[in-house]
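Participant: Going down the list, the sequences are from chains Y and X.
Residue 1 is where the first sequence starts when you use the numbering used here, and the numbers rise one by one after that.
Residue 449 is where the second sequence starts when you use the numbering used here, and the numbers rise one by one after that.
It is worth saying that the hints were derived from the structure and are not from the lab.
If a hint is listed, it holds; no wrong ones were tucked in.
Derived list of chain X stretches under chain Y, where covered just means 3 residues or more per stretch with a C-beta under 8 Å from a C-beta of chain Y: (1) 603–610; (2) 620–633; (3) 704–716; (4) 730–741.
Computed from a predicted structure; not experimentally measured.
From the three backbone atoms N, C-alpha and C, an ideal C-beta is built for every residue, glycine too.
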Amino acid sequence: MISKSRRGRLLAVAAVAALTLGAAACGSDDSSQPAAGGESSAASGPITITLQTFGGGKNFGYKEAVDKWNAEHTDIKIKYDNLTDQFEQVYWPQMIQWLQSGAGAGDVVGIDEGGMGLAKAHPEWWADLGEFGLQNRQSDFAAWKWENGVTADGKLFALGTDVGGMSLCYRRDLFEKAGLPSDRDEVSKLWPTWDDFIAVGKKFQSKVKDTKFVDGTNTLYNVVLVQEAAKNGNVSYFDKDNNLIVDKNPAVKTAYDFAQKISQEGLTAKLRNFTPEWNTGMKKSQFATLGCPSWMLGVVSGDGGAGPDFKGKWDVAAVPGGGGNWGGSWLAVPKQSKHPKEAAQVLDYLTGKDAQVSVFNYAGNMPSNLQAQQDPAVQGAKNEYFNDAPVGDIFAKSASALQPVFLGVKHAQVKNAIESVVSAIDDGSVPYANGWQKLVDDAVKAAG
Amino acid sequence: MSLHVDAGQPTRTPIPPSRRRAHPRSGRSFLTWLDLKAAPYLLISPYYLLFLAFGLFPLGFTLYYSFFDYDLTGTVEWTGLGNYTAMLGDASFWKAVVNTLAMFVIATVPQILLALLLANALNKRMKAQLFVRMGVLLPLVTSVVAVAVVFTQLYGRDWGVINWILSWFGVDPIDWKAERVPSWIAIATMVDWRWTGYNAIIFLAGMQTIPKDLYEAASIDGASRRRQFWQITIPMLRPTMIFVVLNSTIGGLTLFSEPTTFYNGNVHGGTDSQFQTVSMFVFEQGFREFDYGYASAAAWLLFLLILIGSAINFLLIRRIGGNK
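Work out the full structure: start from the sequences and follow the hints.
Facilitator: In structure tokens form, the structure reads like this:
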């Protein structure tokens with residue numbers, strides 16, 4: 001009896017020991033397994049290149065280009081993964097964690113202009129695209145777009161995919177309802193300046209009660225900011241030595257004052273851009289105009305935005321106050337990618353002329369590829385969704401003249417903090433009188 | 449101190465080695481030792497190893513880095529107590545503290561009262577007893593995110609059901625995400641929806657351990673139902689109450705998922721941090737602004753806050769029926 005029960009206990013001990021050892025073995029296995037799996041799939045099946053992007057609606061606009069690639073290639077497949085609407089608040093912080101920890105990032109990742117300062121400062125995060133022959137793509141891009149993808153030590157890590165450009169989207173049907181002209185040329189003539197725009201807004205608001213003239217403060221704040229930045233040495237929140245100049249740069253104050261004014265005049269639907277409420281607002285016709293860099297066309301026409309029900313009801317007019325360059329993104333290959341060569345091949349394709357023309361026709365994002373910009377399919381393009389607006393004419397003609405706004409290393413964090421305040425004065429949680437001071441304070445805190 | 453320990457050990461240790469030496473080469477004695485002395489530790493070790501890896505290590509790690517200016521994308525520099533002193537003067541930290549405490553009170557007080565009443569009702573004889581008792585647990589099995597997403601829509605400013613119902617009574621639409629107190633109420637209802645039933649079941653279990661003869665004796669003495677509830681049930685529930693209140697305190701002060709989902713996964717908690725809790729503040733500092741040192745210090749202050757909150761509640765609850 002005794003020996004039996006002892007044996008039982010011994011067995012228990014052995015079992016526990018085996019379990020713990022087994023668990024430990026599993027633990028160490030975990031790290032090696034995916035790599036081994038990846039290698040074996042490389043040998044047998046096609047290599048999957050994960051493409052990670054951000055943005056609302058049609059986001060980077062790669063859908064058709066990726067479908068085409070996947071139909072034509074059996075050895076390399078692209079998995080197109082748009083992670084979120086929000087760059088500064090969700091995508092970029094997550095991406096930084098992945099890049100810093102060495103796991104989690106895709107093989108090709110999108111970076112907004114606001115993240116490029118930080119990306120450039122960390123050459124160790126990125127694969128060297130020069131190793132895969134992409135150095136010869138220089139002539140495809142404007143000098144500034146190319147140089148922004150090169151780190152301080154001369155390593156090419158990113159190629160441009162789109163540029164901002166600027167226009168103003170408006171709802172034809174609602175303008176008619178308000179007794180305003182709805183033809184895009186006449187609409188453009190209504191507002192040579194932002195003061196004219198506000199005057200039109202008041203007129204609109206006096207006729208139409210259940211729709212506001214603009215979405216919220218945030219979108220037009222950014223539009224005015226880039227226009228004003230161009231007049232103030234092409235800097236916004238940081239000077240070129242990465243010093244915070246939010247309180248000194250007149251561009252920021254002018255943009256803020258404008259945002260406050262449209263809110264005070266009651267022209268805003270008090271919706272913060274790139275939120276579910278904002279998307280719903282488009283579907284429920286809560287606002288009649290929207291600041292539209294070229295990529296915004298894809299946001300509006302995509303299923304997440306206004307969607308197919310509003311096809312033909314939107315149109316594109318000139319923006320008050322002249323052109324500007326808001327947004328524009330790059331693609332890069334993280335160093336942690338297991339297939340940097342194939343990833344670079346995909347990146348080369350997506351930033352190339354054919355894919356970029358496809359992006360423009362599908363979503364509206366203005367290619368940063370110069371050949372694509374000059375392509376007749378882009379220059380002469382009309383956007384069906386936006387009542388056949390001559391988007392090629394509106395965006396492509398000015399695209400090559402766009403100037404970059406310098407964005408500092410901590411631009412994304414500062415932008416995020418500032419936009420919270422710009423939205424807070426609109427929803428009433430920060431009084432107008434305190435708004436500017438809070439904006440400066442929060443920017444200082446976010447930059448610190 | 450260390451000298452004392454060193455001096456103390458030799459006096460204790462000589463005995464076991466001599467015992468072992470009595471059968472030095474016997475494998476059997478090793479197995480006996482393994483069986484009697486080591487097995488219990490081996491058996492409980494998985495929990496402690498996991499706790500060490502995922503509990504104690506991060507705790508120490510956080511404490512260590514709370515003394516540094518640690519930027520994930522930059523440098524690591526020693527600042528001593530710099531993070532803590534900066535935080536005590538940081539209005540956004542205190543705003544998060546106020547939000548957290550306010551939401552805790554708004555959520556927990558009605559929740560515990562409601563759970564008590566519910567448990568009292570469920571404690572009576574009724575038809576389909578098991579079904580009804582299990583029914584109050586149902587909200588607990590829905591995921592937090594699902595609850596938060598649905599409630600967020602209910603509390604929508606423009607198209608939410610709640611504002612629509614309020615409009616029947618002539619109430620102007622409330623911007624639940626922009627106004628501070630309404631946002632607290634909205635989040636508190638999400639918390640209560642999920643946890644009231646759970647607490648009611650715990651209370652019910654506690655109530656069922658109260659001997660029936662106490663109530664019988666009270667009835668014979670002519671005590672009303674209500675009197676029995678306050679004079680017998682509540683004092684006898686004290687141990688259960690302590691558990692429920694401490695549990696709610698810890699849960700309430702570390703509130704994260706509901707308010708984060710309420711603002712579309714943005715940890716800023718509203719345009720002006722109207723409903724940002726301390727744990728959201730920690731997350732924002734650490735994983736949005738990459739100020740790990742500052743976030744670590746905030747996490748330790750949150751720990752302190754929970755200790756203080758639990759102690760206060762513990763003392764309060766101990767006074768319930770204290771005259772008995």
